[in-house]
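J.: Chains as they are written, first to last, in our numbering: chain E, 113 to 253; chain C, 222 to 670.
Just so you know, the hints here were simulated from the structure itself, not pulled from any lab data.
Even glycine gets a Cβ: it sits at the ideal position worked out from N, Cα and C.
A portion of the hints provided could be inaccurate.
Said to hold, decoys possible - Which stretches of chain E does chain C cover? Using the computed rule of at least three CB atoms under 8 Å from a CB of chain C, they are:
1. 115 to 126
2. 137 to 150
3. 155 to 166
4. 170 to 179
5. 182 to 192
6. 195 to 209
7. 215 to 223
Chain by chain, the residues:
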Amino acid sequence: MAAVLAGVLFVATLSLLIADIVHQHQGFDRAQSELHTTDRRTAALSARLDQLHHDLGLLVTEVGNDTTALEQDTSQLRGAQWALGLTQASVAQQGTLISSLQTCLGGVEAALNSLAVGNQDQAGAELNAVSSSCTEALAHG
Amino acid sequence: MGEGRARQGRRRLIAVVVLGALVLTAAAWLDVRGHGATRSEQAAVVRAEARLAAVQKEVGTATVAKATMTARRAQLGVSMVTTQIKLGGVSSDLGNTQVHAYLQGVNIKTLQICLGGVQNALDALKFTATAQAAKDITAVSGPCSQLTGGTAAGLVYPFDFPDPSVIEAGGTYYAYATNSVAGNIQIIDSTDLTHWTVVGNALPSLPPWATPNLTWAPSVALIGGRYVLYYAVDPTGSTTECISVATATQPQGPFTDTSGAPLECQNGLGGSIDPSSFIDANGSVFLEWKSGGPGTSRIWSEQLAPSGTSFAPGTSPTLILTPDQSWEGATVEAPDLVEAGGHYDLFFSGNDWNSANYAIGAATCAGPLGPCTDASPNPILTSGRGLAGPGGAAVFVDTSGSFWIAFHAWVPGAVGFPNSRSLYVRRLDLSGPVPAVGGPLPSAGAPAG
């Protein structure tokens, strides 16, 4: 009777141990599978991260270059705007001078034509009429 | 015997028990080992997942950074495009303004140079130094030409210089024209056809029968080793124009007229004017001129003696052209005959000389004595941009053998104004059936020096 009980106990214990061993094997396999999956995902993500870092590096360089170029363009724009302002002022000043010169020249030419036909009095009057323009033009020319 | 069996049974029992214990021990060992391996693997999984999470976080951070940088770059790109567009606009405005300023600067400088010369001339005129006044004006002819706006049309001398005649001698071009403040017959010279300088008065004195200040339309040619000047002049006490002749040993004169009477008058036809000499390929010399006025004008030709100072014995005027085209307005005048490539082209002016309708036409002639027929029903040069009322054409050949046409015209806006028909010079193409007036020299009107 004791032997039978011992045998049953033995078989039961052995069965439990075997079942647990099988269970541990299954757990080990699942963990190993999970580990492989995680490693693959990590590797893929690492590759993506490397690519991102590479792209980011390029972008940083390009943004730096673009920033420099923009600063240069902005500086050039300011210079051009400044030169434009100066030139426009100069043109306006020249326009005034040209107007005086043309008025003066018109009178002088008229006077010369009068002289050519012997009318000195008329020539004198025509010159006097533009004398202020001539004086202004010659003074500022 | 029974004891032996019992002992053997115990031994078997002990063996079974030992064996069972060994089996259980082995199973337990395997179980414990399996537990350890599983825990170790699970710990590795946890670590791997943690690493994965960290990488995922880094990827997230990098992705955000990339998106930020991309947005920044896009923003910079927009800013750059905007700035470049602005820069382009401002640069364009600046360029246009600088061109405007430059042109204005040229105008100012040109005006000042022209004005300076005119003022000097006025100062000279105050002291009745007309020759000096003419030189002062001539010195600024280029700038004044630019101001009058006719340079693109061939304006080279922006002062009164009507009915021109141009010859070349020793690489210098001499131009002669109707009387002005410079004298009875004006002379100017040039080495480039663009910049002209006053030489003076070609005909300082007139013959006793001629009326002073009524001398027009000269024509000069080298005939028999002398320079022969034909010109129109009113005899004293007459209002009918006649033609006379003077000679000189050099192109710049002075020409001397020793005649006791005009060479040609045609009083019955309303007078003779606009003489122009022509030397044929065989050396024969001819004179073409115009008789009459509006409605009665005719163009004639007659052979001259070898000296050029008289008509050939036994000859008489031959009518070679009458007005027959509507544009001519019943007037043809200012003839100039040219031979090129074996054919004769007669250039003439038509319509009212004192209007913008005045123009230059061409006829084809069988020979120096005609007959001549219009090369085209239309004139070859009319009023246009930079010139008005062109006429008084004179054809000449430059040092390279190319043909040119000199003529007078008003600058637009000055039509009919006294003493203001200026000298123009343009290229001339005689290769086709109708002469074609070309463009001016590129530097026409540019300031000298």
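J.: All the hints need checking, so say for each whether the structure fits it.
T.: Against the structure, the hints:
Here the stretch 115 to 126 of chain E counts 5 residues with a CB under 8 Å from a CB of chain C, which clears the bar of 3, and the coverage holds. Judged by the Cβ-Cβ criterion of 8 Å, the stretch 137 to 150 of chain E is covered by chain C as claimed, because 8 of its residues qualify and three suffice. Only when three residues or more bring their CB closer than 8 Å to a CB of chain C does the claim for the stretch 155 to 166 of chain E stand; here the count is 6, and the claim holds. Only residues whose beta carbon comes within less than 8 Å of a beta carbon in chain C count, and the stretch 170 to 179 of chain E has 6; three or more means the coverage holds.
Here the stretch 182 to 192 of chain E counts 6 residues with a CB under 8 Å from a CB of chain C, which clears the bar of 3, and the coverage holds. Residues of the stretch 195 to 209 of chain E with a Cβ under 8 Å from some Cβ of chain C number 9, which satisfies the need for three, so the listed coverage holds. Under a criterion of three residues with beta carbons nearer than 8 Å to beta carbons of chain C, the stated coverage of the stretch 215 to 223 of chain E is upheld, 5 such residues being counted.
Going down the numbered hints, you'll see the structure goes against none, and every one checks out.
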